[in-house]
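From first to last, the protein sequence lines are chains W and B.
Under the working numbering, the letters of the first sequence match residues 7 to 609, in that order.
Under the working numbering, the letters of the second sequence match residues 7 to 609, in that order.
Note that these hints are calculated values from the structure, not bench results.
Where hints are given, some of them may not hold.
Said to hold, decoys possible - Chain W stretches covered by chain B per the calculated footprint, using a threshold of three residues with CB under 8 Å from any CB of chain B:
(1) 42 to 48
(2) 65 to 76
(3) 274 to 281
(4) 482 to 489
As the list claims (entries may be wrong) - Restraint ranges, calculated between C-beta atoms of paired labels, are given here:
(5) Gly97/B - Glu498/W: 27 to 37 Å
(6) Lys457/B - Val533/W: 51 to 61 Å
(7) Lys501/B - Pro205/W: 51 to 61 Å
Yeah, the Cβ is synthetic: ideal placement off N, Cα and C, and Gly gets one too.
There are 2 protein chains.
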Amino acid sequence: MASALAKPQEQPRLAPVTAIKPAAEHLAKKQREISVSEFFAKNRHLLGFDNPRKALLTTVKEAVDNSLDACEEARLLPEIEVRVDVASSNGAKPPPSQAERFLVSVVDNGPGIVKQQIPRVFGKLLYGSKFHRLRMSRGQQGIGISAAGMYSLLTTGKPIRVTSRIGENKKTHYFELQIDTTRNEPNILKDEEVEWDRPHGTKVELEIVGKYQKGRLSVDEYLEQTAIANPHARFVYVDPEGNRIEFPRTVEELPREPKEIKPHPYGVELGVMMKMLLDTNSRTLSGFLQSDFSRVSPSVSQAICGAAGLEPNMRPSRVAAQEAETLHKAIQTVKIMNPPTDVLSPIGEKAILAGLYKQIRGDFYTAVTRSPAVYRGNPFLIEVGLSYGTGQAALTPKPEEDPLAPVAEGEEKEAEVPLARLMRFANRVPLLYQQGACVVYKTVVETAWRKYGISQSRGALPQGPLVIFVHMASVWVPFTSESKEAIADYDEIRKEIKLALQEAGRRLAAFIRRRDRAHLELKRRDVFEAYIEEVAAACRRLKKGKLDAERLRKQLAAIAHAKTGGEKTDEIAGEKAGAPTVESTIIVTPEGPMGAIPGNEEE
Amino acid sequence: MASALAKPQEQPRLAPVTAIKPAAEHLAKKQREISVSEFFAKNRHLLGFDNPRKALLTTVKEAVDNSLDACEEARLLPEIEVRVDVASSNGAKPPPSQAERFLVSVVDNGPGIVKQQIPRVFGKLLYGSKFHRLRMSRGQQGIGISAAGMYSLLTTGKPIRVTSRIGENKKTHYFELQIDTTRNEPNILKDEEVEWDRPHGTKVELEIVGKYQKGRLSVDEYLEQTAIANPHARFVYVDPEGNRIEFPRTVEELPREPKEIKPHPYGVELGVMMKMLLDTNSRTLSGFLQSDFSRVSPSVSQAICGAAGLEPNMRPSRVAAQEAETLHKAIQTVKIMNPPTDVLSPIGEKAILAGLYKQIRGDFYTAVTRSPAVYRGNPFLIEVGLSYGTGQAALTPKPEEDPLAPVAEGEEKEAEVPLARLMRFANRVPLLYQQGACVVYKTVVETAWRKYGISQSRGALPQGPLVIFVHMASVWVPFTSESKEAIADYDEIRKEIKLALQEAGRRLAAFIRRRDRAHLELKRRDVFEAYIEEVAAACRRLKKGKLDAERLRKQLAAIAHAKTGGEKTDEIAGEKAGAPTVESTIIVTPEGPMGAIPGNEEE
């Protein structure tokens with residue numbers, strides 16, 4: 007039976023060769039250096055410029071993130087104006103949905119940039135102030151805005167235009183810049199002084215090939231989510247159709263200023279430490295340990311040197327490879343405090359609740375800000391928010407929204423219930439793409455939502471009217487690519503996300519359980535009440551008409567209500583044991599929302 | 007009811023500030039250049055060195071990929087030996103599962119590397135022969151192996167050791183190299199001539215912090231899958247436990263040699279073309295178009311210049327920005343042949359079938375190699391393989407393996423049925439990580455497998471005993487990160503994957519349909535046969551005993567078999583219309599496998 011049938015269609019193959027044909031010398035001629043700009047020009051999808059639609063979003067995002075960082079670093083409440091306009095081609099301006107070229111302009115009220123720095127900040131990849139430090143900020147690589155400039159050059163040939171002023175009694179500088187990809191250096195096309203009506207700030211203008219589309223993954227969505235995570239900033243957005251959308255400031259205070267820290271000794275790798283020993287300014291090993299790391303006191307330093315058997319006064323550059331290894335091992339054996347965690351600036355439970363409540367219609371909201379934790383020596387913290395329901399009165403769920411109903415039987419059913427919406431943030435920046443690659447997504451999928459009364463297919467997001475908000479704040483967010491769209495999968499990060507989701511999930515479960523129970527009781531009461539007449543009649547018959555009909559009905563009605571009295575909605579909100587803490591939860595009842603209503607705390 | 011309850015726990019916030027505090031000058035002092043090695047040292051997860059386990063895999067992968075590329079480029083059938091050993095620490099060698107440091111060594115029979123190139127190939131990021139060309143190869147960035155060397159330096163402080171010889175009458179060179187991350191240049195620690203018993207080849211040795219674990223995502227799995235996709239190579243693998251595993255060569259011919267091509271005019275972006283105009287060696291615009299692009303004949307060149315209103319003899323460097331834009335638009339209006347597609351070297355349906363059949367137990371196998379297509383001017387092609395079933399006789403499926411059974415009702419059931427296993431490849435390299443970020447995964451999830459008789463939850467992989475193999479071959483694979491673990495989402499790529507999956511899916515559906523029908527018929531026959539005695543008795547009673555009992559039984563049995571005769575297994579395999587083509591499908595029946603059995607074609 008088993009037989010070779012017709013020979014498969016195959017590509018012709020060359021006969022085997024045993025001699026070396028082009029040989030090493032031939033190959034060697036092709037070896038060349040690759041400039042980092044060439045590399046990213048060819049791989050621009052790594053930077054978020056995969057396609058015209060995403061490129062438009064990324065361009066806006068890089069400029070806005072820079073503006074927010076600059077304002078906060080200068081302790082200014084950010085005011086940012088974003089304009090996306092159709093670029094006219096040969097005088098004609100196609101409608102936004104048809105247009106292929108756009109003008110993007112972002113203006114801020116930030117501190118401005120000193121003249122000498124402007125060309126390299128905007129015209130050189132891997133140049134910036136944020137890479138060589140450990141401090142929570144949106145940018146961290148020195149790539150973003152120069153990459154946008156490079157993309158504009160690649161696609162339209164147009165330079166990036168920068169206007170900046172650093173103070174009222176200072177000149178305003180205007181530059182037109184092009185990146186020279188072969189050298190990774192800026193070409194300055196124009197360098198002028200201009201008039202500007204702002205006392206300080208920066209304006210960036212780019213012309214790019216793009217595609218404008220509303221809805222998911224759009225500039226609009228990015229700005230909406232950015233407003234949720236940055237309630238201290240005010241945004242004005244003029245879209246390509248000319249609509250002016252304002253996202254007003256809802257918190258009049260800047261977030262706590264994040265602090266810069268040194269690396270923690272536990273997180274340092276041997277090779278990195280060896281390089282630090284060579285590069286340090288300290289003259290002694292003990293001084294090096296204390297000044298180049300966080301949490302190393304004189305006594306800790308003493309203990310480390312003792313455990314390693316090294317002289318605390320030796321010159322750091324004299325530590326030999328074998329000694330460095332011993333030192334590295336000794337560090338792990340000495341008890342050292344965790345990194346300082348007050349260096350992070352969380353959004354906070356109140357602000358998350360406020361953002362969700364303002365933007366998303368639901369019956370239940372909750373938020374959890376975890377205590378800081380550490381991965382690879384870097385402090386980080388996780389915040390989670392949930393919104394559940396459709397904003398209908400909480401006690402009358404429609405059958406098809408009942409999350410406790412069995413999942414399937416079920417193509418039809420399953421196809422109807424939408425998947426939960428996941429909103430991911432890193433250092434207050436919304437992450438819109440690459441969801442599948444993100445540890446946040448993976449952890450949400452792996453969480454057992456069924457335990458919390460939410461249906462879920464294996465390997466998929468939970469289902470139902472659920473919005474899940476997850477924020478990671480860190481001095482260094484490990485992104486899976488330069489475009490900073492997904493967070494890499496570290497065990498410590500995964501664990502913290504899981505714990506936060508579980509805490510929020512338990513609160514949600516309590517809400518759903520109570521709601522369903524209340525719903526059931528209501529139904530039972532209805533049935534009981536419907537039969538009161540019959541019961542009353544039966545009772546009278548039993549007592550042979552000796553009872554007062556009206557009084558009997560009243561008594562029976564009281565019994566019916568007493569049965570459900572324990573489920574009064576007040577107590578749902580006020581529930582204490584193992585369920586919603588009032589501070590970080592809002593529940594919407596037919597009588598209105600209850601709990602930590604944002605904006606009400608002054609009343 | 008709605009009321010502000012206790013004030014939420016909040017981090018203390020600073021009062022708003024309106025004056026510029028550190029101001030631009032302060033910020034400017036922190037601006038610095040970032041070397042590409044510093045960047046990747048800090049972001050080493052971008053290169054696949056996220057954690058010790060993955061780092062071990064990535065190190066092996068980068069070295070093996072380089073070896074395969076080098077052998078094929080020199081037209082040598084690859085022979086590669088991989089050793090992973092526990093590194094002894096203070097003389098003691100922990101067991102592999104406990105060990106934290108490993109020695110990785112990869113030796114090939116390739117053409118070797120000329121002495122002058124060795125330091126930069128292994129000790130400098132962004133240096134190589136594959137970036138500045140369009141040609142199908144595993145490496146394309148000039149990062150991989152130097153990154154492994156950098157990782158080894160970072161984690162163990164040890165240099166990368168390279169031994170290489172380019173021919174029998176040449177010396178063997180041995181180097182010990184360290185990357186200087188601040189400058190991104192190699193430091194040469196040792197440079198010696200040594201004795202070697204190989205006529206030519208390269209050996210790379212690294213000591214890294216790693217973690218050894220078998221199973222999914224392991225070195226073992228990577229080598230298994232590499233062997234499937236590279237049947238012309240022979241691998242010997244000695245694992246940390248000392249086991250010697252051999253993957254013998256199953257095809258004695260090298261794959262067709264991939265050709266280098268020029269970019270296609272349709273795929274070029276305006277800014278890129280402007281740079282090409284400046285960099286070209288051609289003296290005329292017409293010559294530039296013909297020599298720097300593929301598929302531009304003299305007449306096409308003429309047509310482009312005509313459409314742009316430009317003089318064919320003008321100097322390329324004299325084309326002004328506005329003219330370049332017109333030229334760029336003109337290119338899109340002229341009909342130009344698609345890029346040459348014979349530059350790709352597919353694995354081929356036969357080899358895919360052979361690989362799946364050898365490695366995976368199943369009842370049904372099929373393979374589809376699509377014709378080449380084009381994205382962004384780059385030719386690529388998609389190949390898909392499916393294996394289905396558990397290798398049990400095809401006609402007796404167990405109830406719990408019935409793919410047509412309703413999905414759920416169903417936590418318990420659903421939890422039992424495993425998800426399909428997806429094997430992704432790019433230019434013959436298995437992609438083990440970042441599945442969720444990959445266009446292959448997304449397309450498999452979006453494919454409606456239920457149409458093909460396979461159950462699937464929305465947003466998840468299909469379920470059941472199914473293995474899905476997908477290979478993308480291209481002159482330039484758009485990876486989502488430098489670690490080359492996932493393919494970016496281009497519409498054209500997605501479409502080709504979808505079409506290949508659908509073709510394979512239809513064949514699978516035909517198989518499942520037939521199998522289920524045959525199964526049903528078998529059951530029916532069994533029932534009929536069970537009642538033959540009763541039917542015979544009844545017939546005899548009707549005829550009042552005039553019939554011959556034995557003859558009647560025989561006739562009835564013949565009827566029973568006739569009913570199912572149309573479903574003979576031969577015809578399942580031989581089926582022509584809209585179902586398995588024999589060439590690219592194998593079906594395993596109780597009588598043995600049928601179809602394009604690998605290795606049988608010479609019989």
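Okay, the hints, checked on the actual structure:
no., hint, in the structure
1, 42 to 48, "holds (count 5)"
2, 65 to 76, "violated (count 1)"
3, 274 to 281, "holds (count 6)"
4, 482 to 489, "holds (count 6)"
5, Gly97/B - Glu498/W: 27 to 37 Å, "33 Å, holds"
6, Lys457/B - Val533/W: 51 to 61 Å, "45 Å, violated"
7, Lys501/B - Pro205/W: 51 to 61 Å, "53 Å, holds"
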